[in-house]
Amino acid sequence: MIPLQQNPDDESRANNLGLVRLLFAALVVLSHAPELIDGNRSREPLTQVFGTLSLGELAVDGFFLVSGYLITRSYLNTRPFSAYLVKRAVRIYPGFLVASLVCIALVAPFAGGDLSAASILQCGVRALLLLMPVVSGAFAELPFRT
Numbered sequence: 001m002i003p004l005q006q007n008p009d010d011e012s013r014a015n016n017l018g019l020v021r022l023l024f025a026a027l028v029v030l031s032h033a034p035e036l037i038d039g040n041r042s043r044e045p046l047t048q049v050f051g052t053l054s055l056g057e058l059a060v061d062g063f064f065l066v067s068g069y070l071i072t073r074s075y076l077n078t079r080p081f082s083a084y085l086v087k088r089a090v091r092i093y094p095g096f097l098v099a100s101l102v103c104i105a106l107v108a109p110f111a112g113g114d115l116s117a118a119s120i121l122q123c124g125v126r127a128l129l130l131l132m133p134v135v136s137g138a139f140a141e142l143p144f145r146t
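For the sequence shown, full-length UniProt numbering begins at 1 and goes up steadily by one.
Treat the hints as calculated values from the structure; they're not laboratory data.
Label pairs and their calculated CB-CB ranges:
hint, residue 1, residue 2, range
1, A111, K87, 33 to 39 Å
2, L76, L19, 19 to 25 Å
3, F50, L97, 36 to 42 Å
Where is the CB? At the ideal position from N, CA and C, for every residue including glycine.
Make the full structure from the sequences, and use the hints.
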């Protein structure tokens, strides 16, 4: 019987760093949830203990630390540099477009956003250009406006 060959990429991905990043992202959401209600940060778990430090801040730092490691490893393993840039764009751009379009089409209407054709077109163009697509009027009642 011929043994199955392992893909070398499988070994490099079997490091559970994706799970660690998911945990950090979930901690950021958990940390910001109480603050979104009225802008009061005092209900956040670590802020209650330390007064200044938040779980979200630690989680963001951890997320970026792990992500930076993975991106650097990808850069060092990909030659030439143009291939690395294409690889990053192919990984980031589709997800950004889908997330932007979902927010424009599904979230903004429930958040009180302007749904005129011009506003939606402007948001779509901004998303295509990798600019933040802001739907005017959406989430206007939140304490932290953009």
